[in-house]
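**Q** Now for the letters of each chain:
Number of protein chains: 2
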Amino acid sequence: MDERKQRVLQAVVQDYIESAEPVGSRTIARRHDLGVSPATIRNEMADLEMLGYLEHIHTSSGRIPSSMGYRFYVDGLMQPKRLTDEEKEQIDLWYRARVKRIEEVFQETARLISHVTKNVALVLAPQMTKSAFRCLQFLPLDDRRSVAVLMTDAGFIENRIVAMPSGASFEDFQRMARVINDCLAGCTLDAIPKAAYRKIRAEISDETLYEAALDVIRRALDGTDGKKRLYLGGTREILSQPEFRDVERVKEILLMLEEEELLKEILSAHLGDGLRVTIGQENDYKGIQDCSIVTATYHLDGELLGTIAVLGPTRMEYGKAMSLLGYMNEHLSDVVRRLGWQG
Amino acid sequence: MDERKQRVLQAVVQDYIESAEPVGSRTIARRHDLGVSPATIRNEMADLEMLGYLEHIHTSSGRIPSSMGYRFYVDGLMQPKRLTDEEKEQIDLWYRARVKRIEEVFQETARLISHVTKNVALVLAPQMTKSAFRCLQFLPLDDRRSVAVLMTDAGFIENRIVAMPSGASFEDFQRMARVINDCLAGCTLDAIPKAAYRKIRAEISDETLYEAALDVIRRALDGTDGKKRLYLGGTREILSQPEFRDVERVKEILLMLEEEELLKEILSAHLGDGLRVTIGQENDYKGIQDCSIVTATYHLDGELLGTIAVLGPTRMEYGKAMSLLGYMNEHLSDVVRRLGWQG
DNA sequence: GTTAGCACTCATTCGCCCCGAGTGCCAACG
DNA sequence: CGTTGGCACTCGGGGCGAATGAGTGCTAAC
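Which chain is which? The protein sequence lines are A and B, in order. Residues in the first sequence are numbered consecutively from 1, following the working numbering. Residues in the second sequence are numbered consecutively from 1, following the working numbering.
Calculated directly from the structure, the hints in this document are not laboratory data. Check the hints yourself; a few may be wrong.
Copies of one chain are not kept apart here, so a pair can be met inside one copy or by any two copies together.
Unchecked claim - Within a straight-line C-alpha distance of at most 30 Å, the following computed DSSO-like cross-link-like pairs (lysine-lysine) qualify: (1) Lys88 x Lys251; (2) Lys320 x Lys286; (3) Lys88 x Lys118; (4) Lys194 x Lys88; (5) Lys251 x Lys118; (6) Lys199 x Lys5; (7) Lys199 x Lys88; (8) Lys320 x Lys88; (9) Lys118 x Lys286; (10) Lys320 x Lys251; (11) Lys5 x Lys194; (12) Lys264 x Lys130; (13) Lys286 x Lys251; (14) Lys118 x Lys199; (15) Lys251 x Lys264; (16) Lys130 x Lys81; (17) Lys264 x Lys118; (18) Lys5 x Lys130.
Required output: the full structure, derived from the provided sequences and hints.
**A** Written out as structure tokens, the structure reads:
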């Protein structure tokens, strides 16, 4: 593919991303300074179509890029846009103004991304169960119940009300906590070895108390896993995309966005690959083969990681999405740290 | 207004709610057994229009109810529908299956209501700051930080990481907690008297420690107030309403639904009135004068209360919405209690 | 290799007509 | 006097065809 073809392809993709209308040879000749006439561009476009980079809806309607065309554009033609200092400032401001509690980081990140890109944003929060047990403590609530507080090395904190079996005192509970803390020290939450349970069993002779201990561990863990991990943003924003002018189309995508498991799967598939773009038919899942996804994985101090993503029509501002995610990727952990999650 | 007019009005409202199309005299004669001819019904409808209960888009298109018409229907004509045992069973199942943690109750309630009514659901959670201070406890995290856990009488639990000033030991913090617990006992969180602060000041002589104490209290409180209190559900469901066939209309309502403060205001205005219906032009806020809101306030053991609401086009199944909210109203506190929030 | 010219293709828009649902009024009926 | 049937009138919506315009593909000339 020669230089000029590339420039034509670039022009087509850029114009189409901007206008959302099939673009014709004349338009390109007018708006881009290629130094050739529309007729020549027509010839080039016909060639590009032969090569699979452009598509025709029908004879006589401008061309639109194919998935392959977008791919070539993203890989080579697009000039990677960096965020300006001003934009970075804005992002920082957004966090300062809106995120008061660590739990809000993910939701607000999704909102921010969708707001900037005008597309759907997905944020997959790190799994608490992947981090290591630090300690379990009890606080007295009343004579029948106490509050179990579970902390992990990554700084997750969970609290939960547990009933105390009649006959057991708060002191019994505190002793129990010490045993559990000893036995589970350093265990990753989703992989507590059988041996640890045996050790607890050995330490706690009282049957009811042992049952209570198990219950506490179970309850402390189960909430953490069932906890919402996928945050969505921008289901409103996509309405401004011409692709979703028709309500049926909107319903379709919203229906899909409710399938949390499916989305998690899609995002998990991209885990660990840094910044990555999947375009149109490159998607495995059929329902979004007219959409593209840009994903980035972020790290929080070493082990823990999650994924942030932008989902939108193939006609997406890839440069913007990529630079934004790239920035978030680097700085999300800073934000989290500033908010006091992790030292 | 005589008996027959009422039956005609009832027929018009019911048919319109069902079909979303303006209803004509012939349709009513066919579908409702009023024992009179379409001509007679036409006359009655003309009268009802004079009286303000029905409206005409223009000559020769069936009638649709006015706000006043809906009001008359809701107040007198509608037969109040009770939930069947089966439906109640379903609701209970929903909660059992989906609500694992107390924090999810409100979001899931919103989802449930929107799912059943096919309209937007709003749930205003009770304010933590309206409940009374029970105790503040510290848990050690590492040598520089500890976790402050705040509990209130209503069973709210908040946790937050606080830095310990250098030089202060964990024991200092625990002493501080005891002082704070003494001084704030029984105070409502949003109305801590000046005297309480003076008392703390008097008890804690060390300047840095006092600052730290204030910071802890402030931080424990500020998160609780900033915490999300309004839960939305069903922004997808309303797409199936013919009123929102046009994307512009959808955008409009979604935009409004983002104005959290506005929504809180609207709901707060209905606080404490039990089950209440506001129809079309009865709404103060102009943006929803073609919508109706059904609200109900629920109580959680005495003091604490919040509001649940259904927001939809005036052509709403009032009976369904009201019976559902009525039920939720009575049983939400049961659900909460079962999940262990409050004894 | 590039360009101008020309015939051809569709999608869209507009006007037009017709149909059907519905009203409003009037006259007749019991 | 209330009820009914009949009839003229009114719109909205669907279907049809012509005009428009953006765009292509091809060919011949530069």
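**Q** Each of the hints needs a verdict: does it hold here or not?
**A** For each hint, the structure was consulted:
Within a single copy, Lys88 and Lys251 get their C-alpha atoms only as close as 34 Å, which misses the 30 Å cut-off; across copies the closest is 29 Å, which meets it. In the homo-oligomer, the alpha carbons of Lys320 and Lys286 lie at most 30 Å apart inside one protomer (25 Å), although the nearest pairing across protomers, at 37 Å, exceeds that limit. Taking the shortest alpha-carbon separations for Lys88 and Lys118, only the intra-copy value of 17 Å comes in at or below 30 Å, while the best inter-copy value is 40 Å. With identical chains, the CA atoms of Lys194 and Lys88 are never at most 30 Å apart, being 48 Å at best within one copy and 41 Å at best between copies.
Taking the closest pair of Cα atoms, Lys251 and Lys118 come within 30 Å of each other both inside a single copy (18 Å) and across two copies (13 Å). In this homomeric assembly, Lys199 and Lys5 never come within 30 Å of each other (Cα to Cα): the closest approach is 70 Å inside a single copy and 79 Å across copies. When the C-alpha separation of Lys199 and Lys88 is checked against a cutoff of 30 Å, the pair qualifies neither within a copy, at 51 Å, nor between copies, at 45 Å. Taking the shortest Cα distances, Lys320 and Lys88 sit within 30 Å of each other inside one copy (13 Å), while across copies they are farther apart (49 Å).
Taking the shortest alpha-carbon separations for Lys118 and Lys286, both the intra-copy value of 23 Å and the inter-copy value of 27 Å come in at or below 30 Å. In this assembly of identical chains, the alpha carbons of Lys320 and Lys251 lie at most 30 Å apart whether taken from the same copy (26 Å) or from different copies (24 Å). In this assembly of identical chains, Lys5 and Lys194 lie within 30 Å of each other by CA distance neither inside one copy nor across copies; the values are 64 Å within and 75 Å between. Taking the closest pair of Cα atoms, Lys264 and Lys130 come within 30 Å of each other only inside a single copy of the chain (16 Å); across copies the shortest separation is 38 Å, beyond that limit.
With identical chains, the CA atoms of Lys286 and Lys251 are at most 30 Å apart both within one copy (16 Å) and between copies (27 Å). Neither within a single protomer nor between protomers do Lys118 and Lys199 lie at most 30 Å apart by alpha-carbon distance, with minima of 54 Å and 52 Å respectively. Both within a single protomer and between protomers do Lys251 and Lys264 lie at most 30 Å apart by alpha-carbon distance, with minima of 20 Å and 27 Å respectively. For the identical chains of this complex, Lys130 and Lys81 are neighbours neither inside a copy (35 Å) nor across copies (49 Å), given an alpha-carbon limit of 30 Å.
For a Cα distance limit of 30 Å, the shortest separation of Lys264 from Lys118 qualifies both inside one copy, at 21 Å, and across copies, at 26 Å. In this assembly of identical chains, Lys5 and Lys130 lie within 30 Å of each other by CA distance neither inside one copy nor across copies; the values are 49 Å within and 68 Å between.
Comparing the model with each numbered hint stated earlier shows that hints 4, 6, 7, 11, 14, 16, 18 do not hold.
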